[in-house]
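Undergrad: Line by line, the protein sequences give chains B and H. Residue numbers for the first sequence follow my numbering, so the first one is 1009 and each next one is one higher. Residue numbers for the second sequence follow my numbering, so the first one is 1009 and each next one is one higher.
In case anyone wonders, no lab produced these hints; they're calculated from the structure. This one's a predicted model, so the numbers in the text were calculated from it and none came from an experiment. Just so it is clear, CB atoms sit at the ideal spot from N, CA and C, and this is done for glycine as well. Hints are not guaranteed to be accurate.
[Said to hold, decoys possible] Incomplete in silico selection of chain H near chain B, CB under 10 Å: (1) P1022; (2) D1078; (3) P1082; (4) A1085; (5) S1126; (6) L1128; (7) A1141; (8) H1144; (9) G1149; (10) V1153; (11) A1158.
2 protein chains.
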Amino acid sequence: MKRLLIIGIGAGDPDHLTLQGAKAIAAADVFFIVDKGEAKEELVRLRQDLIEGHGRRPYRIVEARDPERDRTAPAYAAAVDDWRSRRAQVYEAFIRDELEDGQTGAFLVWGDPGVYDSTLAILEEVLERGHVAFDHEVIPGISSVSALTARHRTSLTRVARPVHITTGRRLAQEGATADDIVVMLDAHCAFAGVSDDFHIYWGAYLGTPDELLVAGPVAEVAGRIRELRAEARARKGWIMDTYLLRRVPPADRR
Amino acid sequence: MKRLLIIGIGAGDPDHLTLQGAKAIAAADVFFIVDKGEAKEELVRLRQDLIEGHGRRPYRIVEARDPERDRTAPAYAAAVDDWRSRRAQVYEAFIRDELEDGQTGAFLVWGDPGVYDSTLAILEEVLERGHVAFDHEVIPGISSVSALTARHRTSLTRVARPVHITTGRRLAQEGATADDIVVMLDAHCAFAGVSDDFHIYWGAYLGTPDELLVAGPVAEVAGRIRELRAEARARKGWIMDTYLLRRVPPADRR
C-alpha cells in the first residue's frame, strides 16, 4: 500500500512544527510540492528548510506546476471546484508515478490542514476517481488563527460564547454575524465595514520576521491597517493576513 | 522583570507539542500547576512527562489547589467569573511568592491557550489588580478542534464557507445556527437534537491511547456515541470530547 502524510507545518515560524510533524517529515520517502510560480519564495524556502532540517535521507522532492485558477470568475466556489479537479489530476500523477508500494509520500501544508486548505478535499477527489489507492494520515498544525490570538495574547473564545470563522468575502456580503469573528482570506479590508463597537486584532506574516500586528478599536486602527497592508504587499509582492473582530460592550472599553 | 510563558501543549498526544513549546518548557525556571483534585491523573502525568522530557534542570514545580467552582449555579458565566477571580488570587500568589525578577514561570495549557481556556483571562485580571507585574508570552498549541478534524481526515472549513465554534449548552438552547458547527464542552449530547441532515465527526480523549472516534449521519450514530461516551466516562471517571456537525445536502450523502 502507498501511504500519504498530510502534515500541518504551522503558520510561518519553523518552530510551530510539532514533534509529530517532525517525525512525519522524517518518515517520508518523497515530498510532493506544487509550485505556485508566485512571489512567495520565502514560503518555499521555509518549507525546504523544514525538509532539510527534519527529513531523513535519502528522500526525494517531486515538484509540479499548479494548474491556473481563474481568479476573475464571478462564481468563486465553481472556479475553485474546477481548479481542484485539475489539481487532483496532478496529485493522482504524483501518487501513480512517483510513489511505490510501501513508500510514504508527504504534503507539507501551511497552518493546519483543516483550515481553509484544499489538500484533503483534493485527495478525497483522487480517491473517488479510483485510479490510485492509498492510505493517508493527517498531522494537525498550528493554524494562523492560533498564531494570531497567541501573538495578541488574547483568547479566540470568550466564556461560554461562540466564535465564527469566516472569509473576507462573506464578511463584506453579510456584515458582522456574531460578536466574535475570525476573518481569513480577506483581500479587500472588509473589516472597515463593521460597526464601531468592534475591536480588531490583526496580524500579517504571522510567525515570520516580517510579522505585523495591530490591535485596537476598528474605528481607530482600520486606516493604519489598510496602509500597513498596502505597503507590505507592495514591498513583498504577497501578503497573508487574518484578524479577529470582537464586539466590546461600551462599559468594557478603555 | 518577571516573565511568564503560557504554553499550549496540544490535545493529548505528547507529540502535539511544538518545537517552540519544547523550547519554552526548556526556558522555564518554575512550572505553575493548579491541582484540580480530580480523577484526571493521566492528564497530570502527561504534563509531568512533558516537563521531565523537555525541562532544563534545575527547575521547580509549584502546585496549588484549584478554588471550588459552583457547578450547580444557574448563571454559568457569573459562576465562572467568581471562580476566575479566586483563581486570579492563586496566580497572583504564584507570581509574587514563587517567581523572582529575571526568572521565567510557565503555565502548561491543554490544547491551544486561545480556545475555551481561562489562563489568559485570569492573567489579565491579575495584571488589572496591579499587585504584581510581569511580561507574558503565549505559545500556540494544537487545539482539540485541529486534532479532531485531523483524526477524521476532514476539513474544519468547506470552500468559501464559514464555521461556527460553540458550546454544548448553546447548541441545546439555540439549535444548529450554521451548516458547519464545532461543539465543545458538551456534557449532555446536544448533538442528538439536531436535524437529520447533519453528519457528525465525534472524538473523545483525542491523541491519547484511549481515543474514541465515531463519524456518520447523526441519526445513525447518535445512539452509539451516547453509549460509548457513557461507558468511557464511567470507566475512566472523566471524559473530554468534541465534535463537528456538518450539514450535508441530500445529493452528497452516501
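Undergrad: Let me make sure I understand: some of the numbered hints might not hold for this structure. Which ones are they, in numerical order?
TA: 2, 3, 7
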